[in-house]
Amino acid sequence: MALALEKPPVMKDTEAGNRALLKVENLTKVFGGLRAVDGVSFEVPARAIYGLIGPNGSGKTTTYNLISGFYPTTAGRVIFNDEDVTDLPAHRIARKGLARTFQLVRVFPEMTVLENMLMGARPKYVEAVIPGLIQSATYRREREKLVTQAMQFLDLVGLAPLADQLAIRLPFAEQKMVEITRALMSRPQMILLDEPASGILASTADRILDYIRHLRDDQGQTFMIIEHNMRVIMNICDRIIVLNAGSKIAEGTPREVSNNSDVVRAYLGA
Amino acid sequence: MELLIIHLLNVVILWAILGLSLNILQGTAGLYNLGHAAFFAVGAYGSALLSKAGVPWILCLVAAATLPAVLALLYGLPTLRLKADYFATVTMGIGEITRHVLNNWQEATGGPNGVIRIPNIILFGLEIKRGTGTLLFGLGLLLVILWGLERWRRSGFGQVLKAGREDEDAARALGKDVYRSRLWCFLISAAVAGIAGSLFAHYYGYISPGDFELWVTFNLCLIVMIGGAGNYLATLPVAVIFVLLRDGVRFLPLPPTAQGPLQQFLYGALLIIITLRFPHGLMREKPSIAAPRLVGEPALVAPDPAIGPSHGAGP
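Sequences listed follow chains A and B, in order.
Letter 83 of the first sequence, counting from 1, is numbered 83 in the working numbering, and no numbers are missing.
Letter 282 of the second sequence, counting from 1, is numbered 552 in the working numbering, and no numbers are missing.
Take these hints with a grain of salt, some might be off.
In the EDC-like style, the derived pairs of lysine to aspartate or glutamate whose C-alpha atoms are separated by at most 16 angstroms in a straight line are [as the list claims (entries may be wrong)]: (1) B:Lys353 x B:Glu483; (2) B:Lys556 x A:Glu110; (3) A:Lys96 x B:Asp447; (4) B:Lys322 x B:Glu366; (5) B:Lys556 x A:Asp238.
To give an idea of the interface, some chain B residues facing chain A are shown, with a C-beta separation under 10 angstroms as derived from the structure [claimed, not checked]: (6) Gly384; (7) Arg387; (8) Arg450.
Hints in this document: simulated from the structure, not taken from any laboratory.
Everything numeric in this text was worked out from a predicted model, so none of it was measured.
We put the beta carbon where it would ideally sit given N, CA and C, even for glycine.
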């Protein structure tokens with residue numbers, strides 16, 4: 001079904017090329033004596049799909065938590081859209097257009113699918129305290145618009161018939177879909193996905209991946225993906241960053257990375 | 271008998287307003303405030319002392335809402351950053367501190383003797399008599415409060431509160447300022463409890479620190495949980511049940527010393543039964559919005575086979 005979705009505010013194709021949307025410089029996190037993330041630097045250009053891989057405990061999710069403001073950094077900088085966002089509160093980083101999802105699915109369980117979707121949007125007026133009590137015509141119009149937008153998104157991923165269901169009642173894969181779609185409601189410039197294809201059937205995972213690829217190709221959405229499933233990562237990513245024990249050990253195209261001896265050693269042991 | 275019924279209905283309204291004030295905080299925002307009686311107390315004392323000093327009641331009411339809200343701001347700024355269980359612990363301390371201040375600051379509060387001879391409510395020259403007058407007035411106020419809170423619950427603001435309750439990190443990742451919304455909720459909750467305090471003080475005409483002990487808060491928690499956390503309408507019938515249980519015991523042929531323990535026993539039993547049989551309370555929380563049909567779509571679309579119910583391995 002054809003949809004008139006607005007495009008997210010990304011740059012035109014001509015300038016998209018090499019511009020780094022997300023820049024991470026010397027990012028470091030120390031927990032007690034453990035250097036969980038140790039001087040990691042990389043750049044992600046707009047409209048790209050980057051992979052972040054590494055063995056368990058290599059610091060992938062910690063890197064996400066640092067970028068998205070959930071952990072304070074020990075050292076290093078995070079630049080998003082030419083703006084230093086290091087150590088801003090999580091909700092303020094999200095408002096700058098850098099969204100994230102979580103490793104285990106994090107829908108709001110006792111809220112309906114539609115309510116979940118509405119939480120993805122970021123309407124200042126509709127969520128303010130006093131307008132919420134007065135509910136003027138403007139408020140109702142704004143809210144109406146959001147509901148329509150949410151329903152369009154749900155329709156796009158085939159979840160519209162489930163809009164009134166509590167999120168907790170949905171199967172796991174559908175919950176994941178809700179979480180990713182919900183993150184899109186705010187039209188973020190970039191989304192950090194944490195294992196979007198784990199714990200679900202390969203065919204379902206393919207569906208989610210098709211959706212991600214479609215968002216990039218049609219709407220210029222930028223992604224970074226943590227994933228353990230190599231088939232997925234090799235298929236979808238333009239470039240891959242490999243972490244091991246908190247440090248970046250390789251970066252390159254899927255082919256380059258899979259032929260890199262350091263990477264093979266990190267995964268299989270020396 | 272008639273007088274008794276009117277009295278009990280007055281009490282029901284007080285508990286209902288108090289229950290509502292806690293429901294938005296505990297039910298919708300998921301914050302367990304074990305010091306809620308403090309806001310009730312500050313509203314009651316504020317209104318009582320001001321009206322005794324000759325301030326018109328309508329201003330006393332404003333003060334009864336504002337003073338607890340200011341207190342909530344002071345208490346909330348540091349404590350609302352805490353995780354839920356720590357918040358509950360701290361608020362319990364806050365409730366007790368407030369009660370001890372009322373007990374010991376004799377010059378202002380009359381200490382353990384409390385405040386006596388609190389005048390009736392006079393609203394724009396019209397005296398609202400204890401009994402039917404306060405009942406109708408209280409009922410009106412209750413309905414306005416119910417309407418306002420329900421509107422808030424369904425609004426975007428109420429949804430942010432709920433999202434913060436369901437998963438704080440996920441809400442923050444979506445750009446929600448959970449802390450700020452909780453602070454607002456705390457203020458609203460305190461203001462409504464303060465309004466109940468004012469009604470309470472002018473209805474009884476006498477208040478003392480003993481009216482604001484920890485059991486008040488526990489009973490309110492009970493009312494909210496039994497009715498259904500997050501369902502405001504449910505608070506009303508439960509307030510009736512609660513008062514009937516509490517005061518009905520007095521009519522049983524029991525020695526007075528057995529009445530108190532029996533009340534406690536009944537509350538406890540009720541809570542256990544409800545928790546086991548109706549974990550969401552008697553009336554479940556309702557969604558804030560129903561999905562509209564998409565224009566030009568049939569009411570129910572058969573799910574795309576490629577997308578339809580999958581067989582996820584589960585977490």
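Now the hints, each set against the structure:
For the given pair, lysine 353 (chain B) sits about 25 angstroms from glutamate 483 (chain B) by alpha-carbon distance, which is inconsistent with the 16 angstroms threshold. For the proposed pair lysine 556 (chain B) and glutamate 110 (chain A), the alpha carbon gap of about 10 angstroms is at most 16 angstroms, so the pair holds. Only pairs whose Cα atoms come within 16 angstroms are accepted, and lysine 96 (chain A) paired with aspartate 447 (chain B) is accepted, the gap being roughly 13 angstroms. Of the pairs offered as hints, the one joining lysine 322 (chain B) and glutamate 366 (chain B) is violated, with about 26 angstroms between alpha carbons and a cut-off of 16 angstroms exceeded.
About 45 angstroms separates the Cα atoms of lysine 556 (chain B) and aspartate 238 (chain A), which puts this hinted pair outside 16 angstroms; it is violated. Of the supplied interface hints, the one on glycine 384 (chain B) is violated, with its beta-carbon coming no nearer than about 35 angstroms to a beta-carbon of chain A, more than 10 angstroms. Because the smallest distance between the Cβ of arginine 387 (chain B) and any Cβ of chain A comes to about 37 angstroms, over 10 angstroms, the interface hint for this residue is violated. Annotation: arginine 450 (chain B) was flagged as interfacial toward chain A, and the flag holds, the nearest CB pair being 9 angstroms apart, inside 10 angstroms.
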